[in-house]
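Student: Once you know that position 39 of the sequence shown is 39 in the working numbering, the rest is easy, because the numbers rise by one and skip nothing.
Mixed in with the good hints there might be a few duds.
[As the list claims (entries may be wrong)] Here are the simulated lysine to aspartate or glutamate pairs, EDC-like style, with alpha carbons at most 20 angstroms apart:
id, residue 1, residue 2
1, Lys300, Asp275
2, Lys305, Glu244
3, Lys264, Glu244
4, Lys331, Glu297
5, Lys159, Asp42
6, Lys175, Asp77
7, Lys305, Asp246
8, Lys108, Asp77
Hints listed in this document are in silico derivations from the structure and should not be mistaken for laboratory results.
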Amino acid sequence: MAIIQTSGVQITGICSVLPGRYVPNTDLAEVIGEADIQKIIDSTGIAGRRVSGGETALAMARQGASELLSELNWAPDSVGLLMMVTQSADFPLPGNAVQLQHQLGLDKSAACFDVNLGCSGFVYGLWQLTALLQGMNCERALLVVGDTTSQQIADDDRKVAPLFGDGVSVIAVEKQADAAPMTFTLGTDGAGAPYLIQPNGGALNPGKAPALFMEGTQVFVFTLREVPACIKTCLDTHGWSTDELDYLVLHQANKMMLTRLGDKVGVTGERLPMDFEQIGNTSSASIPLVMTGTLAESLKNGETKLAASGFGVGWSWGTVAMTVPPLSCCKTIDFETEA
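Make the full structure from the sequences, and use the hints.
Tutor: This is the structure we're talking about:
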């Protein structure tokens with residue numbers, strides 16, 4: 001397990017964007033069956049999802065980043081680094097980040113690139129962004145995470161259609177000499193690739209329609225095998241016990257998985273927030289969506305000791321322990337179609 005610590009860098013604000021379209025899972029009753037869809041709702045805790053009506057991850061990122069820069073009063077040319085973690089790029093090339101640089105009016109000296117990761121993407125992205133920013137001659141950076149996973153799914157796929165929603169979060173990060181350190185623990189096991197995969201549309205199967213496949217039992221077993229130890233190692237390295245945490249924010253996969261993980265690491269109740277009932281599993285945006293949703297007021301009003309753990313496609317997993325200062329902006333907005 002990789003263990004990394006960064007310092008002198010902190011999160012300043014977060015703005016999440018959800019698509020305007022809401023789809024209740026009961027709408028799938030005709031395809032899946034009324035009794036079966038109710039069982040899925042009861043076991044997962046996902047009653048409905050926010051899904052793209054045509055808005056892409058890049059379009060939502062542009063709106064969220066513009067809102068965040070305005071709220072923080074950051075001039076676009078003050079941002080020297082932009083990373084977008086997504087598996088839903090507008091095009092095979094160019095990537096989303098370089099397009100977003102131009103759309104936001106960032107200076108041409110800014111370093112901008114994409115990272116292809118899913119549910120661990122917030123933790124991996126935050127590690128890479130903070131590590132890079134420490135050694136750069138700029139003070140500010142933007143981390144963008146999120147996907148339109150629903151566009152990779154057939155409506156009649158009873159395994160995954162009721163689970164995945166869409167959304168994007170934009171996280172502002174900047175250097176601060178007295179910022180509390182962050183500790184990261186990261187892991188990878190490519191043996192899990194066949195169990196959570198969208199095999200079509202890439203170089204191997206370019207002409208086939210998207211068809212996300214997930215073997216839920218394998219995902220569950222992997223998560224319980226790897227994630228508790230990852231969280232424990234991260235907290236031990238950081239010098240925290242679970243009792244010292246204000247919150248443990250897990251990737252918002254489903255109620256059953258989060259409940260089991262919380263029990264395993266000893267964090268339950270309000271300290272284990274769940275915020276997926278009306279938005280579904282939102283891939284790499286799920287952790288920051290909890291922060292801009294359920295935890296927004298807490299994060300705006302005071303310093304927060306927080307651990308976040310993402311896990312999924314790959315297999316890929318990671319945990320971060322960090323003290324988040326009071327955030328100047330922490331909110332979720334709905335996507336507005338541009339005129």
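Student: Against each hint, give a clear statement of whether it holds in the structure.
Tutor: Comparing the hints with the structure gives:
1. Lys300 to Asp275: Judged against 20 angstroms, a Cα distance of about 18 angstroms means the pair holds.
2. Lys305 to Glu244: Answer holds: Lys305 to Glu244 is near 7 angstroms, not above 20 angstroms.
3. Lys264 to Glu244: Distance ~16 angstroms between Lys264 and Glu244 Cα, so the pair holds.
4. Lys331 to Glu297: Holds, at about 9 angstroms.
5. Lys159 to Asp42: 14 angstroms, holds
6. Lys175 to Asp77: 16 angstroms, holds
7. Lys305 to Asp246: Given pair Lys305, Asp246 holds - Cα atoms ~5 angstroms apart, limit 20 angstroms.
8. Lys108 to Asp77: Measuring from Cα to Cα gives roughly 9 angstroms; hence the hint holds.
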